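Could you fit the two chains together into a complex? Lean on the hints.
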Amino acid sequence: MSAPLRRLRETPRHLLVCERSHVRHERSRHAARVRGHAYNCRVSFLIPECGVLPEPLKSVTTDMGEYYLVKNLPLHELVAQEFISAFVKTGSCYALTYNTRIDQDNTAALLPTGKLILSVDKDTYEELGLQGRPSRYSGKKVMRYIITIDLTDSAFHSDSKKYKRVLWALRDKKPLEFDFLLSWHHTGADGSTLMSYFSKHQIQAHQPKITFSTLRNLQCPVLCSNELQGKPEESCSAQELFEWLGAVFSNVELDNKSFSFVSTYCCPEPSTMMDQAYLCTITGFILPEKIIQLLDQLCAYFDEPKLAQWVTLTVHGFADSPVSWRENEHGFQKGGENLYNFVVFRSLDYWLQMAVGANDDCPP
Amino acid sequence: MSQSSLYNQNAKLGYSTVAINHVIDFKEKKQEIPKPISPSELLPSLPIIPGKLKPIKIVTRLTLVVSDPSHCNVLRATSSNIRLYDIIAVFPKTEKLFHVACTNLDVDLICISVTEKLPFYFRRPPVNMAIDRGIYFEVLYTPAIKDSTMRRYTISNALSLVQICKGKNVIISSAAERPLELRGPYDVANLGLLFGLSESDAKAAVSTNCRAILLHGETRKTACGVVYTMKKPQPVEEEEETLPACKRAKTQV
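Going down the list, the sequences are from chains A and B. Heads up: the first sequence runs through residues 1 to 364, numbered per the numbering used here. Heads up: the second sequence runs through residues 1 to 253, numbered per the numbering used here.
Just chain B, with the same shape it has in the complex (with noise of 0.2 Å):
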């Protein structure tokens, strides 16, 4: 099973949470949102991290790829899917839904193309808006490996991007498919460093950067993030004692 293998090669190279990524590109006809997989359903047992005691984590993530303002309806459709998923990203493709995003889209990541050349520039008071509303950038590794033209993209959006909003709230990530294009992650922390950022800037990019969007897309599910709400399963046997209580307190009155 090659997902298994993926998941496998990542417990070995270290990494303690994997967000499984399901895409969705409005361009093709008619697409629904599915339903998260849930992990267990996966693989019966998750691989344990060698050199820790505790089995790799795995979370949910769907990314939206918009061209069009109207893409953007479905994040606040109140019935579909997308709140099982634990974090919502966005890839926007022109320059006013990029603005869009930053200002009002209620999602946790916008990702950067990293394989073509930019269609628009960065701004600095979209991105500035975009990191104090607790929003990350996202920057993909895997492309690199696989093309030298991607490669230069890559390391030239990254640049751009990071000039702009300072080396904060990026968080660098992979799109690997296989197990052969995943890379450890001390190696892509120092990656980062080819990407303009400071040394302390590129390991939180692997590490406090992902926990705090984990964080983020659970206060998506709560009342601003203080309140937390769960259905309790009502007891059937509980009611049926509760009536004659009711009619006692009537005949009382």
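Pulled out of the complex, with its shape left as it was, chain A reads as follows (with noise of 0.2 Å):
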């Protein structure tokens, strides 16, 4: 009878890992960080003590890049020779399923690095043919496979006959099709060939929409950027700042009023009242290339005498997503966050924390 009431008492499987470094660190790997990221679909940053966007900040988020939204778009049209030489080889091409769910349908996702990752339920991992792997989270009776399929490799020309079983397998044995979201990242070119090159099939472009808000009157704990565990009496350690950060996301009251049921979380001891924090949210499908831009930008914020002390910049991952990091495994257990948090200090110190939840590879 115990059993039941100890498994009660824990909390679903959930990992964080917090690293540190300074931004101008040669060894300093938060841009690869951010590029291991593929699908990002919230950008939000949180700037104390600030009234006005200042102009670099506000253009860079302003111009996040477009995406592309294609219906019933067959999966061996990505497979085509025509679209990986125009696409895939010549830049960065990202492409993610949407509407469909990772733990439930099979889903699609298109790597930047060229490797199309499936991840299909039984049924179709049987009748589609491909090798692939069982899924790490499918538990004793295997449910779900990935199949990896690398498009830029040598061997897979339009003669070769990987390529005829991976084009006959998608086009004759079981024709698959999803509504994909697509972007394209390239230095060079016009970059509305995307759009033209699917204009047989219902394409549509979109902006990612943006938001500002500024939040008055914020009590915020005190930070210091040697201290990741925090010091009792003098700051606050990393996994209390993740948890007041997603309380300020979700519009938590944070003074515990006797009166309010919905939530009775503090801010963490030691803090600071500020009176005026500007907070962007930024949402769509949005590529680790514009987030490197914007985390230069906030860099640059130190560059002039600022009052804030750190600034943050929060991004989430989609839950349905095949992939989180690199090609690491995510799966949907009750929840399907993956993301990733940077604290930038005045002194270019930062704090970078990695999350991810039940059915998930450690980040790296």
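Taking lysine-lysine pairs in the BS3-like style, the calculated list, with each CA pair at most 25 Å apart, reads:
#	chain 1	residue 1	chain 2	residue 2
1	A	K71	B	K52
2	A	K173	B	K52
3	B	K168	A	K122
4	A	K141	B	K168
What follows is a list of derived Cβ distance ranges for each label pair:
#	chain 1	residue 1	chain 2	residue 2	range
5	A	G139	B	R178	30 to 36 Å
6	A	R165	B	D106	37 to 43 Å
7	A	K209	B	S156	45 to 51 Å
8	A	R13	B	I48	30 to 36 Å
Just so you know, these hints were derived from the structure itself, not from any lab. For clarity, every value in this text was computed on a predicted model and none was experimentally measured. Cβ coordinates follow ideal geometry from the N, Cα and C atoms, glycine included.
So, in structure tokens, the structure goes:
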């Protein structure tokens, strides 16, 4: 009888990896971490003691690039040689299926490295005929399989047996069709060619949605850049900051009023009261390259003396994407969170926190 | 129409397959098993699940409440409408019938009583036999929503079941008649934790186990689950053409 009670007291498995470094340090891996996380659906940054956004930051936020939604695109179009030579080999092409649930349906994703990842259920895998491996979070009776196809492989040209097999499986044996979110990052040629390539299908261009707000009288924790774990009476730990940030984004009242039954969360001590803070949220299919530009601009915010001690940048990944960082598998047990958070201090030290949920590999 | 609002609520909560249940209680006099209602008659168009592209799938299910061994004979009858249902469930009321259901009867689901104290204790041998045969046990959650005494019975009965079957082959379903009695799939999986299931078993209780039951129901229409026969419609014109050929063959001989 005690086993179910013990299980009820445990929270579902979740991981939070915190690391600390300096932005200008030669071995700092902040850019690599951002680039490794391919599919981002929401980017938010919080600047304490700021009422008006400076111009360079504003121009970067409004220019986050557009993304495309293609409806009913057959999967074999992404494996076509023209598509590979036009988009995959000449830049970073990102594609993710839209309106599919990772724990129920088939999902497909195209990474910028040229790998096509298919996460399919048992019936589809057995009908498709391509080789894959069972999902790590599927249990003893395997219900989910992951198929990886490397499109930039030198053996993957039009005459090879591998290519013919993949094309046969995706086009003739079991044609799969999805709605795709597409984006292409390139240096050079005109970006509207994705629109013209898929003009036969229903393709629509979208701009990311941006919201700005100023938070007044916000209690915020005191942080010390050297102390990741926090020192009692002097600064807060990284985990406490992470929870506080979640409370701020969810518009939760931080003062634990006696008549409030929604939340009893309090700001971690030691804390200071801020007059105002600037919060900006961008939602859409956002590329890591744009996030690096935004991060550089946030670091440049401290070029002039400012009241703020630190700024934060939080990036959420899609709950239904088959991969989290690089090619780590991502699953959805009761929540599909895979997000990371930068805290950049005045001295350009930074904290990077990466969080994943239950059915996920540990972030790098 | 209250029925269509029920399916709309199901689609809104995120369920991809819904089974309409028809309960037959043999204690009442002379129950005929009616033909299952086809989903297209109920709703002209099935509601689409938000966040996905496909509409909801509706399957039909029959539950037999048996309190006497003679009631099980209807399962063996070949000409009744029972064959037309996708899933067949049985609700045994005595220990002997529970044993018969686990070992002999050709059903997909065995329902566990949640509204009263269990009339018999579960024993490991019949439960293990049922698991080997691919039969699943069903726990309902809607009675727990309605009444607090039933809540106690639901939890205690489910805990004793899970203790014996070790969390395998359990599904949790609602017996909802109104949209307010429905709960989302992840909430129902969390309820499974209260019944003693592990996290993965609880999630399987609303997803993969239900798929297995549907496949088990389909194998009842096939030969050992391997061969599936379908009547081919006979075209009338072909017969007339073949007749002259036979005549020609006769004259040649």
